[in-house]
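Undergrad: Residues per chain are reported as follows:
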Amino acid sequence: NAGVTQTPKFQVLKTGQSMTLQCAQDMNHNSMYWYRQDPGMGLRLIYYSASEGTTDKGEVPNGYNVSRLNKREFSLRLESAAPSQTSVYFCASKLPRSEQYFGPGTRLTVT
Amino acid sequence: QKEVEQNSGPLSVPEGAIASLNCTYSDRGSQSFFWYRQYSGKSPELIMFIYSNGDKEDGRFTAQLNKASQYVSLLIRDSQPSDSATYLCAVNTGRRALTFGSGTRLQVQP
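Protein sequence lines correspond, in order, to chains U and W. FYI, the numbering used here numbers position 106 of the first sequence as 106, with every residue one higher than the one before it. Throughout, the numbering used here is defined as the position within the second sequence, counted from one, plus 111.
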């Protein structure tokens, strides 16, 4: 039981490049989330998916897109990376009225 | 006003002391409350949750909830250097995602 997995662990992009962050969970959770974490800012919600086939914007969605490919997988895409998107990205999943489980994170640097 | 507020710290306590971490929230409809611990460079991990007013104890950790005052706290007894981390308070307001505070950094001095 791997829990929540994320790939890649580290990534360096140039401004304007695109990439997709992958997330998968094997806990049969319906809800999945993407957060970014910046120093002093805490965890800020980018997008979430309450169930397969649905996605909704969170607090900071600009510059990102998501896909809920199936119940297990929820990907985050940066179409044209900007230095302001340098951050640590966490994927999480949960059951209703329960705690969230986090993946190990992706450290992204945009130069 | 932020939805979930925490003092950023650092909170410094000597080894063996009680560390007291505090969190206030703005949404009176909040239903459940979580404390996560995050070591530097790692992902958050759940250490406690509480739903009802009062105290909930788990080993060296006690969570306290006062819904009337919109206040939740975490006490760590017999603090150890391994408890040094950032502690995140999270609140379930009934929306689909937890709302997190920005965290309190705890330093336990040997």
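Treat the hints as calculated values from the structure; they're not laboratory data. Each hint should be verified, as a subset may be incorrect.
As the list claims (entries may be wrong) - In silico lysine-lysine, DSS-like type, Cα no more than 25 Å apart, as pairs:
#, chain 1, residue 1, chain 2, residue 2
1, U, Lys9, W, Lys153
2, U, Lys57, W, Lys167
3, W, Lys178, W, Lys167
4, U, Lys9, U, Lys57
5, U, Lys57, U, Lys71
6, U, Lys71, U, Lys14
Undergrad: Which constraints among the numbered hints does this structure fail? Numbers only, ascending.
TA: Failing hints, ascending: 2 and 6.
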